[in-house]
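Please model the entire structure based on the sequences and the hints provided.
Those sequence lines, one after another, are chains W and A. Each step along the first sequence adds one to the number in my numbering, with nothing skipped, and position 107 is 107. Each step along the second sequence adds one to the number in my numbering, with nothing skipped, and position 167 is 167.
Hints listed in this document are in silico derivations from the structure and should not be mistaken for laboratory results. No residue lacks a Cβ here, since even glycine has one placed at the ideal position from N, Cα and C. Nothing false has been slipped in among the hints.
Simulated coverage check for chain W against chain A, where a stretch passes if three residues somewhere in it have a Cβ under 8 Å from a Cβ of chain A:
{"hint": "1", "stretch": "56 to 66"}
{"hint": "2", "stretch": "182 to 189"}
Calculated cross-link-like contacts (lysine-lysine; reagent style DSS-like; alpha-carbon spacing at most 27 Å):
{"hint": "3", "chain 1": "A", "residue 1": "Lys62", "chain 2": "W", "residue 2": "Lys182"}
{"hint": "4", "chain 1": "A", "residue 1": "Lys62", "chain 2": "W", "residue 2": "Lys191"}
{"hint": "5", "chain 1": "A", "residue 1": "Lys163", "chain 2": "W", "residue 2": "Lys133"}
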Amino acid sequence: MKRKIFLLSGLASILTAAVATNGAETTINGAGATFPAPVYSSWTYRYKEKTGTRINYQAVGSGAGIAQIKAKTVDFGASDEPLKKEELDKYGMTQFPMLMGGVVPVVNIPGVASGKLQLTPKVLADIFLGKIKKWDDAAITSINSGLKLPSMPITVVYRSDGSGTTWIFTNYLSKISEDWAKGPGNGKSVKWPVGVGGQKNPGVANNVQKISGSIGYVEYTYAFEGKLSCAALQNKAGKFVAPGIESFISAGANADWKNAPGFYMVLTDQPGEKSWPILGVTYILVYKEQKDTVKSREMMKYFNWCYTDEGSKTASTLNYVPIPENVVKMIKDSWKNNVKCDGKSVTE
Amino acid sequence: MRGVYRPVFYENKKMKQKKKQDKSAADRIFYITTMFCAFLVLVIMCGFFVQLFIHSFPAIKKFGFTFLVSGEWDPVRNIYGAASAIYGTAITTIIAMAIAVPLSFLIALFLVEMAHPVLSRIIGQAIELLAAIPSIIYGMWGLFVFVPFMQNYVGPFLADTLKLKWLPLFQGPCTGFGLLTAGIVLAFMVLPFISAVMRDVFKMVPPVLKESAYGCGATTWEVTFDVTMKYGMQGLLGAVFLGLGRAVGETMAVLFIIGNTPRISASLFESGTTISATLANNFAESSGVFQSVLLELGLVLLAITFLIQIAAQFWLNMVRRKFGGNI
Chain W
1 MKRKIFLLSG
11 LASILTAAVA
21 TNGAETTING
31 AGATFPAPVY
41 SSWTYRYKEK
51 TGTRINYQAV
61 GSGAGIAQIK
71 AKTVDFGASD
81 EPLKKEELDK
91 YGMTQFPMLM
101 GGVVPVVNIP
111 GVASGKLQLT
121 PKVLADIFLG
131 KIKKWDDAAI
141 TSINSGLKLP
151 SMPITVVYRS
161 DGSGTTWIFT
171 NYLSKISEDW
181 AKGPGNGKSV
191 KWPVGVGGQK
201 NPGVANNVQK
211 ISGSIGYVEY
221 TYAFEGKLSC
231 AALQNKAGKF
241 VAPGIESFIS
251 AGANADWKNA
261 PGFYMVLTDQ
271 PGEKSWPILG
281 VTYILVYKEQ
291 KDTVKSREMM
301 KYFNWCYTDE
311 GSKTASTLNY
321 VPIPENVVKM
331 IKDSWKNNVK
341 CDGKSVTE
Chain A
1 MRGVYRPVFY
11 ENKKMKQKKK
21 QDKSAADRIF
31 YITTMFCAFL
41 VLVIMCGFFV
51 QLFIHSFPAI
61 KKFGFTFLVS
71 GEWDPVRNIY
81 GAASAIYGTA
91 ITTIIAMAIA
101 VPLSFLIALF
111 LVEMAHPVLS
121 RIIGQAIELL
131 AAIPSIIYGM
141 WGLFVFVPFM
151 QNYVGPFLAD
161 TLKLKWLPLF
171 QGPCTGFGLL
181 TAGIVLAFMV
191 LPFISAVMRD
201 VFKMVPPVLK
211 ESAYGCGATT
221 WEVTFDVTMK
231 YGMQGLLGAV
241 FLGLGRAVGE
251 TMAVLFIIGN
261 TPRISASLFE
271 SGTTISATLA
281 NNFAESSGVF
291 QSVLLELGLV
301 LLAITFLIQI
311 AAQFWLNMVR
321 RKFGGNI
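Structure, rendered in structure tokens:
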């Protein structure tokens, strides 16, 4: 018996020692959106290599990220759906945009080459509403005169889990279609009139690949990496544009960040001839009153690094759009005034 | 640790008196420890019920009884009903059990009564291995292998070759995702559990019983149905309920292949959802009433499992009374 107790206490002391050595370096915990997760994980890896500061990012979903930062179990939260100013004030939080990324419709139609299909906003909405049921419907063929579309039923694929990607996509559909706004509406998960659900971005991508005659929507990286066929969309200016980093940048360039309190901005259906119509912004949430000076300084240093050329390059290679420089300047100004510890600003 | 280095007889003689006292104290501690552990189960169980009930109270207050019968699921307008999830859970479980139970019975029977001992051992090992595969593997296999197979072969075979299209069960295009696929994969998942237990039940039938039946001139078939099955009825039912319990609550595998549509449709080709799949899909992004609704769904699942448990106990008692005295 005694020997066992001795063994146990020995084990316990080893464990505590292990914890103690881990605590020597700063660890910052964050949780939230899966939409920017590929970039965040790449960033945290590089940042650890460079500075030794460890950032743990759990891609658990925007809702869970918001819940965790509210419960103060993490140091920062991440969300694809910006919080309204009133809610930010209520919890004493501040938010700032970190990245922008495109959401694209992906299709699997036999005999149609990648990127050839063109869709107008109305046709896109009608497909997802279940009003257009076949690929050779006159509404589709009339805007795709060069294409031979098969007489095949359309299978809609959507995100089965609640997600920021769905929020962005349904935000766009609600803007361009009154039927959609009155029907399913805008949300992280909605009442889809037709279709099958897939688990997260890879699940939707996979389902689209598996089901011939299907159409779904994913974050652009997943379409790009999975070599899925994207559809071109008609933007607000009436031009058909293909998804890609240039059309995303164009959509982000026209945004009026100056008049967006709390950086609340939704970049769907933006003006500009080259603008991709479905662009999402992903946000970071932190408390204005920080508890730990060292930790909060390290955290803000990390966010600062994310906006540097090094951080932006990583984002661009993964087909995300970095925040424009003038906006970054505004964000840094807001940090100075907002993020404090013991009444002192924690940024340089 | 005291007695370790001493010869046994020495301890027996000299320390008899002391050991007696020790034993009673040790016994008491042992009794209290075991009781504590046993009660822990009860506490955890009740804790689950109470916590789920408290947290699902906002949803219960808002929707009342209609929650259980309404098929509406609209997160944007905050209207929820559990009927589609309960329906999906029930249908997939029924399909799974309808396939798995007879198959398991035949497998177990073959292994115990007919197979060569070497073959029996090999297949027995394989079954146990199959039972140890994590459910996510079944889900991946279902998604990458079985879904296309259903879409390209099984769906068209049922609908066109067997001309079952007129049945409401096989209407609409078969995308591969849906209730039928989920039910079949679930069947594969519970099959090893049921057949492993059934095999052990058959093995426990005293050989003398079977031998005397054979001695009377009974065929294998007759021995199986009149002796082996009746003797092991309780165990067989236990095996079925074990599989049922797993099928009802299975999450990951179903999540990948059921299509995740909160809709009630007669066709087995259509996608649907189950309670556990709905929870796994929505929990991360939930808040407010929605979260409360999900917790209420959890409560419903717990209640269903609880009811199955009670039904199982009740049935087992009936069987005991009916068959107990026969052999």
